[in-house]
Amino acid sequence: MLPSSREKQILNPLTFLRCLGCSTINSRPFKEGDYVFGEVEEKCPKCGGDRMKIVGIYVKEPEQREGKKQKTL
Amino acid sequence: MSFPSGAAETLTLMQIAGREDLLSPIIQLLWILFLMLFILYPNFSQKLQLSYILRDLERKLYNLKRIREEVRSRTVETLRKYSEGNTDLERELDKMILSFAITPESMDPYGIVYKLEHIVNIWEDTFEENVRRLCPKAEEEKAKTLTNLVEVARGIDYLYRVVRHYYLLGKRTANIYIVLQIQMLMPQLMEIAEAYRQACYAFMQGQPVGDGVGALAAAKLVEGLEKKTYEVAKDTIVHELVMDGRNLFVLRAVGPGGAVGKPADGIIKIIEKEGDRVKAIVMVDAALKLEGEDTGKVVEGIGAAIGGIGVDKFKIEEIAKKYNIPLYALIIYESISEAITPMRESIAKAADEVVERVKNIIKDKVEEGFSVIVAGIGNTVGIGLS
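Each protein sequence line maps, in turn, to chains A and B.
Start counting the first sequence at 0; every next residue gets the next number (numbering that gives the first Met the number 0).
Start counting the second sequence at 0; every next residue gets the next number (numbering that gives the first Met the number 0).
Rather than coming from a laboratory, the hints here were simulated on the basis of the structure.
Any given hint could be a false lead.
[Stated by the list, open to error] With a cut-off of at most 20 Å between alpha-carbon atoms, the simulated SDA-like pairs for lysine to any residue come out as follows:
1. K52(A) with E222(B)
2. K296(B) with E60(A)
3. K59(A) with D351(B)
4. K30(A) with K80(B)
5. K52(A) with K348(B)
6. K348(B) with T23(A)
7. K348(B) with G37(A)
8. K348(B) with E60(A)
9. K59(A) with Q204(B)
10. K59(A) with E344(B)
11. K30(A) with E76(B)
12. K59(A) with Y200(B)
13. K348(B) with I24(A)
14. K348(B) with K321(B)
15. K348(B) with Q8(A)
16. K268(B) with K321(B)
17. K80(B) with P61(A)
18. K59(A) with S345(B)
19. K348(B) with E62(A)
20. K59(A) with I335(B)
21. K59(B) with Q8(A)
22. K80(B) with G37(A)
[Unchecked claim] Short, incomplete list of chain A residues facing chain B, as computed with Cβ under 10 Å:
23. N11
24. K42
25. G55
26. I56
27. V58
Ideal Cβ positions, reconstructed from N, Cα and C, are used throughout, including at glycine.
From just these sequences and the hints, can you work out the full model?
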């Protein structure tokens, strides 16, 4: 049987990392083993530091336009 | 004027009922027969409707079955990664999926909450033990998340079996009222089934889910502050610290494995230790929004903000009443699907707003030198210690 049109794509969250050296926040797709407040060894694209802290893992939502917002009951 | 042989008869036939074609009387006859069907067989329209509903239900039931099979196969696949290899995982998973707990007799309701707690504790422990036995390679935190994954598989399986029951019962007894009720519920049930499908992937990989926002807010409240952290009840930790001259006890389930802990037991232990010094209990939890409300909206209220079967709620209310401690609640709106699927941006951002609101409540309601308990309720999958 073909998948129903109601069936949605699997939600893929982003992992937000803060560099422990320069405090810049970067994001990348979630990797198994990531968890909020966990520290990972990854290179900061700004300062080159190699330790980052995960500050958030969530699914990014598309920006809602003002006009669309006003139409909501 | 003369007609060729046979043409006169044809013309006569075509002129029946004053028409010039043969098709019209046939259609009229069929139409009369059709109307007679409704008169002689009054249930005909209902039977017609029943067959239409059954066809619609059957189609949705197939979709439900497909989701159930998908969740089941993903669960087996994930458990296999942490198993020894010689276990019949499918059979063992079936045993867990079909396991049940019998609720206590309520004819005499005295003490029923503690009886229910006892039964549920045994059931949960057995469930977790079975997952650990099946997946000896899984670490402590991973085993908890795998237990959640099996619970998701159990949830979708139960949903499928209930819908199938009503479909088959309605079909066998040709009872339109049975199938009508389940058909009316199907759109919501399919949404829940889709949420289970998404939840399966979230628990497979250990991603934070919407329900974890309470625990996330509690973690953010104490992030980067000097504190003492210890286990206060099963799977429940407390951060003890001083904030603006007040003693703060921030309680939540231990992470990053999927756990909800025993918040009531933790709160009771803290109050029994601190006694009258506790001047407020602030509870933070995700709550179901009404259709049309914004996801991630933070609302304040009074009472014990905690879901589940009611045991924790009862125990928290009881201890709060005994010591005359006010209960403040902060809830974050989300739908049932958002609660068990990967956390949305608006929910994650609401945790920051909750932190500010909790600080304001503490400043307004608790004087310096006294204690306050902040309980972040929810599943801690993907949320570590801050």
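Hint-by-hint comparison with the structure:
no., hint, in the structure
1, K52(A) with E222(B), "holds, 12 Å"
2, K296(B) with E60(A), "holds, 15 Å"
3, K59(A) with D351(B), "holds, 16 Å"
4, K30(A) with K80(B), "holds, 17 Å"
5, K52(A) with K348(B), "holds, 17 Å"
6, K348(B) with T23(A), "holds, 18 Å"
7, K348(B) with G37(A), "holds, 18 Å"
8, K348(B) with E60(A), "holds, 11 Å"
9, K59(A) with Q204(B), "holds, 18 Å"
10, K59(A) with E344(B), "holds, 5 Å"
11, K30(A) with E76(B), "holds, 18 Å"
12, K59(A) with Y200(B), "holds, 17 Å"
13, K348(B) with I24(A), "holds, 15 Å"
14, K348(B) with K321(B), "violated, 36 Å"
15, K348(B) with Q8(A), "violated, 23 Å"
16, K268(B) with K321(B), "holds, 14 Å"
17, K80(B) with P61(A), "violated, 35 Å"
18, K59(A) with S345(B), "holds, 9 Å"
19, K348(B) with E62(A), "holds, 14 Å"
20, K59(A) with I335(B), "holds, 19 Å"
21, K59(B) with Q8(A), "holds, 19 Å"
22, K80(B) with G37(A), "violated, 23 Å"
23, N11, "holds, 8 Å"
24, K42, "violated, 21 Å"
25, G55, "holds, 6 Å"
26, I56, "holds, 5 Å"
27, V58, "holds, 5 Å"
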